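J.: Each chain, letter by letter, is given below.
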Amino acid sequence: MSRGYEEAPEVLTNGAAVIAHNVRRSFNGRDVLKDVNLTIQGDEFVALLGRSGTGKSTLLRILGGLDADYEGDVLVPQRRAVVFQESRLVPWLRVAANVVLGLRPGNGGRAALRARGLAALAEVELAEHARDWPLTLSGGEAQRVALARALVREPQLMLLDEPFGALDALTRIKMHALLQRLCARHRPAVLLVTHDVDEAILLADRVVVLVDGEIALDTRVDVKHPRDRGNPAFVDLRNQLLKELGVNEVDVAPSLLHAVSGGDRQFHRQDPEKI
Amino acid sequence: MSVIDLVSRRSTKEDEGSNSIDVITLEHPVSTKRRRRSFRVPRIVRRTVGPLIVVALWQWSCSAGVFTSFEVASPIAVFDAGRELWSQGVLQTNLLVSLRRVAEGLGVGVSIGLFFAVLSGLFRLGEDLVDPVIQAARAVPILGLVPLAIIWFGVGELPKIFLIALGSTFAIYINTFAGIRGVDTKLVEAGQTFGLSRWGLVRRVILPGALPNFLVGLRLALVGSWLIVIVAEEINAQSGIGYLIMQAQTTARTDIMMLGLAIYAILGLCADALVRLLERRLLSWRRGFVGA
Ligand SMILES: Nc1ncnc2c1ncn2[C@@H]1O[C@H](COP(=O)(O)OP(=O)(O)O)[C@@H](O)[C@H]1O
Ligand SMILES: [Mg+2]
Numbered sequence: 001m002s003r004g005y006e007e008a009p010e011v012l013t014n015g016a017a018v019i020a021h022n023v024r025r026s027f028n029g030r031d032v033l034k035d036v037n038l039t040i041q042g043d044e045f046v047a048l049l050g051r052s053g054t055g056k057s058t059l060l061r062i063l064g065g066l067d068a069d070y071e072g073d074v075l076v077p078q079r080r081a082v083v084f085q086e087s088r089l090v091p092w093l094r095v096a097a098n099v100v101l102g103l104r105p106g107n108g109g110r111a112a113l114r115a116r117g118l119a120a121l122a123e124v125e126l127a128e129h130a131r132d133w134p135l136t137l138s139g140g141e142a143q144r145v146a147l148a149r150a151l152v153r154e155p156q157l158m159l160l161d162e163p164f165g166a167l168d169a170l171t172r173i174k175m176h177a178l179l180q181r182l183c184a185r186h187r188p189a190v191l192l193v194t195h196d197v198d199e200a201i202l203l204a205d206r207v208v209v210l211v212d213g214e215i216a217l218d219t220r221v222d223v224k225h226p227r228d229r230g231n232p233a234f235v236d237l238r239n240q241l242l243k244e245l246g247v248n249e250v251d252v253a254p255s256l257l258h259a260v261s262g263g264d265r266q267f268h269r270q271d272p273e274k275i
Numbered sequence: 276m277s278v279i280d281l282v283s284r285r286s287t288k289e290d291e292g293s294n295s296i297d298v299i300t301l302e303h304p305v306s307t308k309r310r311r312r313s314f315r316v317p318r319i320v321r322r323t324v325g326p327l328i329v330v331a332l333w334q335w336s337c338s339a340g341v342f343t344s345f346e347v348a349s350p351i352a353v354f355d356a357g358r359e360l361w362s363q364g365v366l367q368t369n370l371l372v373s374l375r376r377v378a379e380g381l382g383v384g385v386s387i388g389l390f391f392a393v394l395s396g397l398f399r400l401g402e403d404l405v406d407p408v409i410q411a412a413r414a415v416p417i418l419g420l421v422p423l424a425i426i427w428f429g430v431g432e433l434p435k436i437f438l439i440a441l442g443s444t445f446a447i448y449i450n451t452f453a454g455i456r457g458v459d460t461k462l463v464e465a466g467q468t469f470g471l472s473r474w475g476l477v478r479r480v481i482l483p484g485a486l487p488n489f490l491v492g493l494r495l496a497l498v499g500s501w502l503i504v505i506v507a508e509e510i511n512a513q514s515g516i517g518y519l520i521m522q523a524q525t526t527a528r529t530d531i532m533m534l535g536l537a538i539y540a541i542l543g544l545c546a547d548a549l550v551r552l553l554e555r556r557l558l559s560w561r562r563g564f565v566g567a
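Chains as they are written, first to last, in my numbering: chain U, 1 to 275; chain Z, 276 to 567.
What the hints contain is simulated information worked out from the structure, not anything from laboratory work. Don't take every hint at face value.
Now the stretches of chain Z that chain U is said to cover, found in silico as 3 or more residues with beta-carbon under 8 Å [said to hold, decoys possible]: (1) 457 to 467; (2) 480 to 493.
Here are some chain U residues the structure puts well away from chain Z; computed CB gaps all over 12 Å [what the hints assert, rightly or not]: (3) S87; (4) L93; (5) V99; (6) A115; (7) D132; (8) R206.
In this text, all values refer to a predicted model and were calculated from it rather than measured experimentally. Think of the CB as a built atom: it goes at the ideal place given N, C-alpha and C, for glycine as much as any other residue.
Given the sequences, and given the hints that come with them, work out the whole structure.
T.: So this is what it looks like as structure tokens:
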């Protein structure tokens, strides 16, 4: 049985960045993941939806190499980066040092590494905070630093575990736009764990829903960019996903769903050819 | 015109129109006293006020005849004794001897405490092997070891340094160990995913995370080491501040005895200031509450 890239470094995957086959994980005899099968293409943006406690983080941790006690086969690329719900910046390292944490200086030496870190910070528009302590940042800024820390590694696979869950609605809208820009530029494979149906539809090429330890639904998002929450295709998909998650339409007040829709128009996934 | 004037003018006008309006008393969200901070007494001045008051009360009680000069020497008498001993060269040499003993004992004690704290903090096996031994040794009163230390190490410098090292090592061990185990596992995990090596993790994440606790331990160790050096020097020594105090006892020189104690007090203050300085420099990343 192969366990990630270490033992099978040269598997040809036909352009897939993640292959998970019959993945099982149990805690104290209770199966959290029963039989998960998931393939993600090299530049695909996949959103993983599921109710709280269904094992989304568990799956992400397995893919990220943070959990070795699973059964089944998993293949992931060598360059992976994780962004967690909490930024997990090291408080006693300056912002710039956090970004390049764990990277070894290459041919250019330390100066080149520092420049790389600063460039990544500039991409998330935080260059002027390079010398700051992480604890002085706001929640949104800290999360952008965490994004920069992930991106600077030029990951082939980005694993995002509810990265915007703790942010306010306005900041989240900005972060969505930023994430779309960054993904269009770097084109990693992305697995975004979220429990926010609208966020999944806005950002992803494909949405998978985890129910009872298995992928219960796996669907492409065929909503034209720029995606608008009022678009009938958007509404249909949202209803389908909510139903899969066990939420009836009548349970959801429309005002809640449209609470932040005023900012929608600024979303459009940038065409990679144009950049 | 201040805000208060504005508010009161408007409300009197409205009162004329109708008198059925509920009156709401307004106030500043924080008292104006707390907001006006244009004049602040420097920290260092504020911190010396307390000790100065104590010295003043001490001098006053001596001058007023509450104590005889044999019972308690006045600050002025103590100061004169200090000048006398200094001019003889006695004070400097003995002070240096004591300082050196503390420095050496502390150096050994801190190193050993740190070594074992890291060992049992990082490795379960280390903890299982080391921790019970240290917990048991910690329960032994160090001053009870003085006679044994003399048998083992003779009457030279070694027994004193041994006792001081022993007295400081436990505070360092206990606090640093707790600090290492208290480092956020989420940070450790993040470090791992971003490719930090084991050593990198220890150096960049775990040890800096344990630093605040280590400094707490250092503070306790400093206090403890001065406590032990005085006892060690009083029991068995031909030099040091403790020796000076013992000598003064045989010649009934209260002023010199109190001089020795005053020196310990001042050194304690300096040691505390040193750790504070270290904390300010090393823990500047913390944005914690520092007091109003
Ligand atoms: N280390 C662990 N030990 C025991 N149970 C765990 C552990 N990690 C996760 N679980 C359990 O697995 C289930 C799924 O957790 P998680 O993957 O975090 O859910 P979520 O979908 O909300 O991210 C939960 O019931 C949780 O209690
Ligand atoms: Mg989770």
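J.: Should the label of U/S87 as a non-interface residue stand, given a Cβ cut-off of 12 Å to chain Z?
T.: Contrary to the label, U/S87 does not stay out of reach of chain Z, its closest Cβ about 9 Å off (not over 12 Å).
J.: Using Cβ atoms and 12 Å as the threshold, tell me whether U/A115 really stays out of contact range of chain Z.
T.: Holds: least Cβ distance 18 Å, greater than 12 Å.
J.: With d taken as the least Cβ-Cβ distance between U/V99 and chain Z, does d exceed 12 Å?
T.: violated (10 Å)
J.: The output says U/R206 does not contact chain Z. Does that hold with a beta carbon cutoff of 12 Å?
T.: holds (24 Å)
J.: Has the stretch 457 to 467 of chain Z got at least three residues whose CB is nearer than 8 Å to a CB belonging to chain U?
T.: With 6 residues closer than 8 Å to chain U, the stretch 457 to 467 of chain Z meets the three-residue bar; holds.
J.: Can you take a look at whether the stretch 480 to 493 of chain Z is actually covered by chain U? Rule is 3+ residues, C-beta closer than 8 Å.
T.: holds (count 4)
J.: Would the non-interface assignment of U/D132 survive a Cβ cutoff of 12 Å against chain Z?
T.: U/D132 is in fact no farther than 12 Å from some Cβ atom of chain Z, at 10 Å.
J.: With d taken as the least Cβ-Cβ distance between U/L93 and chain Z, does d exceed 12 Å?
T.: violated (7 Å)
The structure does not agree with the numbered hints 3, 4, 5 and 7 stated previously, though it agrees with the rest.
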